[in-house]
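Based on the provided sequences and hints, a complete structural model is requested.
2 protein chains.
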Amino acid sequence: MRIAVDAMGGDNAPQAIVEGIMLAQKNYPSIEFQLYGKESEIRKYVTNDTNIKIIHTDEKINSDDEPVKAIRRKKAASMVLAAKAVKDGEADAIFSAGNTGALLAAGLFIIGRIKNIERPGLMTTMPVMGNPDGGFDFIDMGANADNKPEHILQYAILASYYAKNVRQIENPTVGLLNNGSEATKGSELTKASYELLAAEKSLNFIGNVEARDLLTGAADVIVTDGFTGNAVLKSTEGTAMALMDVLKASILGAGLKGKLGAVLLKDALRGMKKELDYSSHGGAVLFGLKAPVIKTHGSTGPEAVSYTIRQIHDMLESHVIDDLVAYFEEKASDKED
Amino acid sequence: MRIAVDAMGGDNAPQAIVEGIMLAQKNYPSIEFQLYGKESEIRKYVTNDTNIKIIHTDEKINSDDEPVKAIRRKKAASMVLAAKAVKDGEADAIFSAGNTGALLAAGLFIIGRIKNIERPGLMTTMPVMGNPDGGFDFIDMGANADNKPEHILQYAILASYYAKNVRQIENPTVGLLNNGSEATKGSELTKASYELLAAEKSLNFIGNVEARDLLTGAADVIVTDGFTGNAVLKSTEGTAMALMDVLKASILGAGLKGKLGAVLLKDALRGMKKELDYSSHGGAVLFGLKAPVIKTHGSTGPEAVSYTIRQIHDMLESHVIDDLVAYFEEKASDKED
Numbered sequence: 080m081r082i083a084v085d086a087m088g089g090d091n092a093p094q095a096i097v098e099g100i101m102l103a104q105k106n107y108p109s110i111e112f113q114l115y116g117k118e119s120e121i122r123k124y125v126t127n128d129t130n131i132k133i134i135h136t137d138e139k140i141n142s143d144d145e146p147v148k149a150i151r152r153k154k155a156a157s158m159v160l161a162a163k164a165v166k167d168g169e170a171d172a173i174f175s176a177g178n179t180g181a182l183l184a185a186g187l188f189i190i191g192r193i194k195n196i197e198r199p200g201l202m203t204t205m206p207v208m209g210n211p212d213g214g215f216d217f218i219d220m221g222a223n224a225d226n227k228p229e230h231i232l233q234y235a236i237l238a239s240y241y242a243k244n245v246r247q248i249e250n251p252t253v254g255l256l257n258n259g260s261e262a263t264k265g266s267e268l269t270k271a272s273y274e275l276l277a278a279e280k281s282l283n284f285i286g287n288v289e290a291r292d293l294l295t296g297a298a299d300v301i302v303t304d305g306f307t308g309n310a311v312l313k314s315t316e317g318t319a320m321a322l323m324d325v326l327k328a329s330i331l332g333a334g335l336k337g338k339l340g341a342v343l344l345k346d347a348l349r350g351m352k353k354e355l356d357y358s359s360h361g362g363a364v365l366f367g368l369k370a371p372v373i374k375t376h377g378s379t380g381p382e383a384v385s386y387t388i389r390q391i392h393d394m395l396e397s398h399v400i401d402d403l404v405a406y407f408e409e410k411a412s413d414k415e416d
Numbered sequence: 080m081r082i083a084v085d086a087m088g089g090d091n092a093p094q095a096i097v098e099g100i101m102l103a104q105k106n107y108p109s110i111e112f113q114l115y116g117k118e119s120e121i122r123k124y125v126t127n128d129t130n131i132k133i134i135h136t137d138e139k140i141n142s143d144d145e146p147v148k149a150i151r152r153k154k155a156a157s158m159v160l161a162a163k164a165v166k167d168g169e170a171d172a173i174f175s176a177g178n179t180g181a182l183l184a185a186g187l188f189i190i191g192r193i194k195n196i197e198r199p200g201l202m203t204t205m206p207v208m209g210n211p212d213g214g215f216d217f218i219d220m221g222a223n224a225d226n227k228p229e230h231i232l233q234y235a236i237l238a239s240y241y242a243k244n245v246r247q248i249e250n251p252t253v254g255l256l257n258n259g260s261e262a263t264k265g266s267e268l269t270k271a272s273y274e275l276l277a278a279e280k281s282l283n284f285i286g287n288v289e290a291r292d293l294l295t296g297a298a299d300v301i302v303t304d305g306f307t308g309n310a311v312l313k314s315t316e317g318t319a320m321a322l323m324d325v326l327k328a329s330i331l332g333a334g335l336k337g338k339l340g341a342v343l344l345k346d347a348l349r350g351m352k353k354e355l356d357y358s359s360h361g362g363a364v365l366f367g368l369k370a371p372v373i374k375t376h377g378s379t380g381p382e383a384v385s386y387t388i389r390q391i392h393d394m395l396e397s398h399v400i401d402d403l404v405a406y407f408e409e410k411a412s413d414k415e416d
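As you go down the protein sequences, you meet chains U and W in turn. Heads up: the first sequence begins at 80 in the working numbering, then just goes up one per residue. Heads up: the second sequence begins at 80 in the working numbering, then just goes up one per residue.
Worth double-checking, as some hints may not be accurate.
Treat identical chains as interchangeable: a pair holds within one or across any two.
Said to hold, decoys possible - Calculated lysine-lysine pairs in the BS3-like style (CA-CA distance at most 27 Å, straight line):
(1) Lys117 / Lys105
(2) Lys345 / Lys117
(3) Lys264 / Lys153
(4) Lys327 / Lys153
(5) Lys410 / Lys105
(6) Lys148 / Lys270
Think of the hints as simulated: they come from the structure by calculation, not from any bench.
What follows is the structure in structure tokens.
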């Protein structure tokens, strides 16, 4: 198992990235980590170089680079070299905390789509409140701005395979994000998607789910188009941030400005942050490509990096992508028959 | 000024509705309230019958009635009679806390659209965190499942008139809900909408706004299609509810199960609820119709009812709908020239 790591991507790179790899190495000593980036900087944080390969390059993609242009012009950027290693069969997966758009472009143009997958989607395992082991796979979080019903069906299949193979959920339930729970509800897109999902026998489709029920664990997999997914994800984040600020003002404003208030606030905020934190499930998967392409937040710390390595390990070990390749190959030949 | 009230709509009807009207009456003694519903039940809560007319009917629309069918078949329902009074010029506006879909249908089919308005939208003034006087007008919250760019432009004009005339905001800013803040971002729908909004000189269009920035007051008016609006609103609600539960567990779980914990929790939750409560701005307007059609939550209490009456009063006094009728009339004749 060989993982190509963009060591220069993210706000705290390469330190947070390399420290995270060192943490992961303890659990997975047999994984070969290929670290792409400035060798002298990377080496500072390598405490054990067993199975660590450093591939030096001075070039890197910045967070404000225009994604497609960056991928095409910065041919020696750490992210580009890491993606090429996957394409060339020198690595089995890629991980980056860098420019999301650039990683999507590198995944699409360098690594390539699984045959018969039309539009890869961005999937993340989101938290379920009050259930630390729970979570639901949410796809598409925003890789696409416009999706068709056929894409939504493919997302449901991709995420179901993930829930089954990687998260070990037997017969995972699939819900369609919609504007009402009744079967007749929806936009043209969701109505047509509903029909496709209901007709696909390999799925455990349970119908429509409303956005207000996501965090309470309405289904193991929630599918939606990338525009809606992006809006829902960002409004969840925005509401959580705004409410934490309100809580702060409310506790401190209630005359509890002293030590007690500070302690309570810290506990309450820690509780909330912990519930909302889904980094233990790993990063976001650009799903539908020929290899695992995983992205984490730019601000990712070492621990979250190590969770992402566990996720990649589990994806590779479960052969989820090989299974999906076979599924979509067969699906297409069924149609031709 | 005459307001037709569906006294039988909502979970606590007619008590909460009539008590709310009694509260409103104190501030607006000259408004004539026409209360549609069961006279014997309504009369129990009428403490001052000046300018109160009760129009008795035994029929009412239930919350689980199929909206369009209910409007067509229950011709003597309190909501239908109230809408007919507006259509016939016997009332100037209608208010209901009943079945939302039925009120939308009654608005569309009985009261009717403003000429040249294609798809009325549902608009509400949402709260801005940390700014009790702040708020933004959010349209379409979900009256439509599919919208075209032309509808989004009309929503921007409707809500800008509202922000200006009813909320007294000079030159209100308008933001388009989108998946990124850059002008080039978006779906086919939002890109085309962006162009129309930017070209409309009467608007103070400030560009794209992301869902995570809504509650911090990114613009005075936020426009979006009804499907996305519904999803964002419900995920905001869902996140807030889930976090309040987490907060509860967190404070009580921190060993503060005694009186102190309860007091703290009460204060913190009260602070959060207060920030999230936007009932002081009134109810949701089905906007684009020939008269104010206002809906509040089924669980609305008397105070919220009275805020809604203030909102209707302000809408009628400001002649915002007459101005909009004139605007869309002129707009259409401009096109014909």
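Do the hints match the structure? See the list:
1. For the homomeric pair Lys117 and Lys105, the shortest alpha-carbon distance inside one copy (23 Å) is at most 27 Å, but the shortest distance between copies (74 Å) is not.
2. Taking CA atoms no more than 27 Å apart as the test, Lys345 paired with Lys117 passes in neither setting, with 38 Å inside one copy and 53 Å between copies.
3. Proximity of Lys264 to Lys153 under the C-alpha cut-off of 27 Å is restricted to the inter-copy arrangement: shortest distance 23 Å between copies versus 47 Å within a copy.
4. Taking the shortest alpha-carbon separations for Lys327 and Lys153, neither the intra-copy value of 44 Å nor the inter-copy value of 50 Å comes in at or below 27 Å.
5. For the identical chains of this complex, Lys410 and Lys105 are neighbours neither inside a copy (40 Å) nor across copies (69 Å), given an alpha-carbon limit of 27 Å.
6. For the identical chains of this complex, Lys148 and Lys270 are inter-copy neighbours only, at 21 Å across copies versus 37 Å inside a copy, given an alpha-carbon limit of 27 Å.
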